[in-house]
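Protein chains in written order, with my numbering: chain S, 179 to 529; chain B, 876 to 1191.
Treat the hints loosely; a few may be bogus.
Which chain S residues face chain B? A few, computed with CB under 7 Å, are given here [said to hold, decoys possible]:
1. Q266
2. G270
3. K271
4. M275
5. D279
6. T282
7. S283
8. N285
9. P286
10. T287
11. H334
What the hints contain is simulated information worked out from the structure, not anything from laboratory work. Glycine is no exception: its CB is placed at the ideal position from the N, C-alpha and C atoms.
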Amino acid sequence: MEESKILEVKDLAISFKTFEGEVNAVRGVTFDLHKGETLAIVGESGSGKSVSTKAINRILPKKNTFIKSGEIIFEDKDLLKISEKEMQGIRGKDIAMIFQDPMTSLNPTMKIGKQIAESIIIHQHENKGNAIKRAVELLDMVGIKNPEKGSNLYPHQFSGGMRQRVMIAMALACHPKIIIADEPTTALDVTIQAQILDLMNELKDKLNTSILFITHDLGVVAQMADRVAVMYAGKIIEIGTVDEIFYNPQHPYTWGLLASIPSADLEEHNLYNINGSPPNLLYVPKGDPFAPRNEYALEIDFEEEPEMFKVSDTHYAATWLLHPDAPKVTPPIEVVRRREKFLNLKMREVI
Amino acid sequence: MKKYIIKRLLIFIPVLFMISIGAFLIVNLAPGNPVDMYVSPDMTVEQIEATKEALGLNDPLIVQYAKWVTNIMRGNLGFSFSSRIPVSTILSQRVGPTLLLMSISLVVAYALAIPLGILSAKKQNSIVDYIVTGLSFTGISLPSFFLGLGLIYVFAVQLKCLPTGGTKLLGVDGGFSDQLRHLILPVIVLASQFAANMIRYARSSMIEVYNENYIRTATAKGLKPMQILKNHGVRNALIPIITVIGADIPKIVGGAIVTEQIFQWPGIGSLMVSSINSRDYPVLMAITMISAVAVLIANILVDIMYAVVDPRIKFS
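Just chain B, with the same shape it has in the complex:
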């Protein structure tokens, strides 16, 4: 197992290189450039050129990439083009809120979705099942901006019981309860999306398990339905569920682009949008690389979890 993980970690290096090259190309191919953001009517062409030169934007792409890579190797993420603040400082400010929002949303989503999906499978084709699958399809079909704006309209504008966005009240120290109040709406939006997806997988995976012969064996042994579910059902149904979890994990650091925008949540997702708008290459590259690392680590975690759950899966 240790050997396997080390091997996987070593594979990271070439993979991250490829990703960085791809991302660097795409980011630089996008129309517009960072200097456009600084341009004001009273700037001369020489001044614009001088800024470009200072940012290294006039170098050939290969040189720019080489510079970026050598900096990254030294642990230097560079400076933001637009704010001149070190990228690492910006990220460290933004990662906290995203981690908080995404991890709470995922925990809430799974705590609801996995039991509901299993229940729905256990009572397949019953009213409970129809309600759960109905909710799940509604969750999948509702775009997050629509749900988010709808919730803001109802709870913030009409009922005035919850804030429209942000992480806390400005100017006053509202404490923990205030933070919690700010979390409610974005968590509902994100959790409903994660949950809707997870319910479908949990349900179908559990239904599949219920049709297996070993469930019939367990019934013939005289086990009660709950014992069958607990001892023979859940563990076997976990593999597809783990796959979905693995796909969700990177979002914990990657953030949620739309939802963070709607609720003015100062996380990685909204940072990404603003840095795309200002063509802030160093920030964009940093976010891309962090997401890439998160995906790779999530993949390893998923593989380890597979092996823990299913004795047939062995590392070699």
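So here's chain S without its partners, still in its complex pose:
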């Protein structure tokens, strides 16, 4: 696995200066992205998932953002240290982005084809005619019917789903090594959402791109991700393969998230919920920020933030419950069921 690492984020900490004070949006995030994989980053609004990925492409507002520490290593370069000019050569070429809101992310006064061709012209130094031709091919690839005509239209003549397809075509234009998809389906309705996810999966397999997929929708994660990182209050609190996170979660917050997915066989008990709300990162609480909402919190949770405990080679979680001295607790019923299902699956595999 080591040699196929394409992106390494190490101990990234970002804060915003506001009138009220310093907001510690990201407080030490570490993860790797491997070649050809999809890593999903999940978390509530304000957990820092979007901010930490925008830092990779350095598109956070410059004025009030402070990168306090960390490295983002891409092809032996620290993206936080290189010049803005060098960064412009990476954006869109090696690392492309798909944004949340396709309705406003396209320039309303420029033709679709030209918007896609733009990055081909700057990064691959193609002439305009060839770039537009490529743009038409890309539109065809992302499933725009009649791409020739589509490239001559303006964004307002497209529906939301079609615009997101255009965004994907735009992101793919220069065969990027990494695509950062920041909640790409949040603004779309469910059927369109499924189509877009299928398209992304299909294209990823075809082009062997790595995807960093940010979402708060666990259903989407299950459909897209190879690995999952769960963020809370500016930190990754659990990371593992999609099976490990869904069937053998260790962190009480992940338990809470999974237990609160409504399912069809929800019978005798009510839907689980995590009480309270995330901490205000203007004032980072002492200890584990999740402790006040955590029904499994130990005394030490209020004193000291837990480090990452290793569960397996690919699975880590930051909870004191994994400490050898910690008491054994029973997770919510929903999580126990998942574990059983998982064990059954494994046993069947063995047979």
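With chain S held as given, fit chain B onto it using these hints.
Frame of chain S, contents of chain B only:
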């Protein structure tokens, strides 16, 4: 588009009628009357009455208006009460200087203000931004008579390098450079006012565009800041700028009342002031109607420009 423009032009007719009725009423309701200007101590009451009668001022207002309208329909703007010269002759003498002064002022103002406003937005909250917005507020706050008189005092009275007013030296043929020298001060006064206003709109509109998601998309594509500005910024910021231009265009024919007075510029603005003073109804009405037509045409131009700039705007 053709259909739309024809429709708009047809709407002109009732609108101009309404404007003319309103203007005619207001002009005639103003205290005093044109004959007062002719009255000299040795005139008898009969003579005054006879003059009134001759000018048609004793007719009921409706009759006066009807006469005026029928004349206008025939393309006859009437005679000036005070100088007895056809209004069209007076206007044709006055329109040239105003066109020259106003169009140069507007071009100078926009050439400075639009780039400055955009620059100011691009460097929001920097020293450049503070200087530009500071200048803009100074321009808006300084009344044109104050700025005009100040400039005359400094450049004409103290430094004696520029003329105090007029369009050219009297009696000698100074040529083009002389005309240019006469233009400098009034153009500075007018351009600073237009520019001050435009900077504010250009800046705020550009700042708004910079906060749009598609600018973030453009950045994420790897575009350089200048490419982002050129390809994605300016065109989207133009709509409010066009609106301001649309409001300025009628002034090209309407003239500048205060500035033309200060610099004795023989344009429409100063003609308007003198014809108000002498209650010269036909001239006043003609200027009002020309300004009204200019406003209406400017509105159509603005609508066309909107559609050119923004593909989402369609005529129906």
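Status of the hints after comparison with the structure:
no., hint, in the structure
1, Q266, "holds, 5 Å"
2, G270, "holds, 3 Å"
3, K271, "holds, 6 Å"
4, M275, "holds, 4 Å"
5, D279, "holds, 6 Å"
6, T282, "holds, 4 Å"
7, S283, "holds, 5 Å"
8, N285, "holds, 4 Å"
9, P286, "holds, 6 Å"
10, T287, "holds, 5 Å"
11, H334, "holds, 5 Å"
Hint check: no violations occur; every hint is consistent with the structure.
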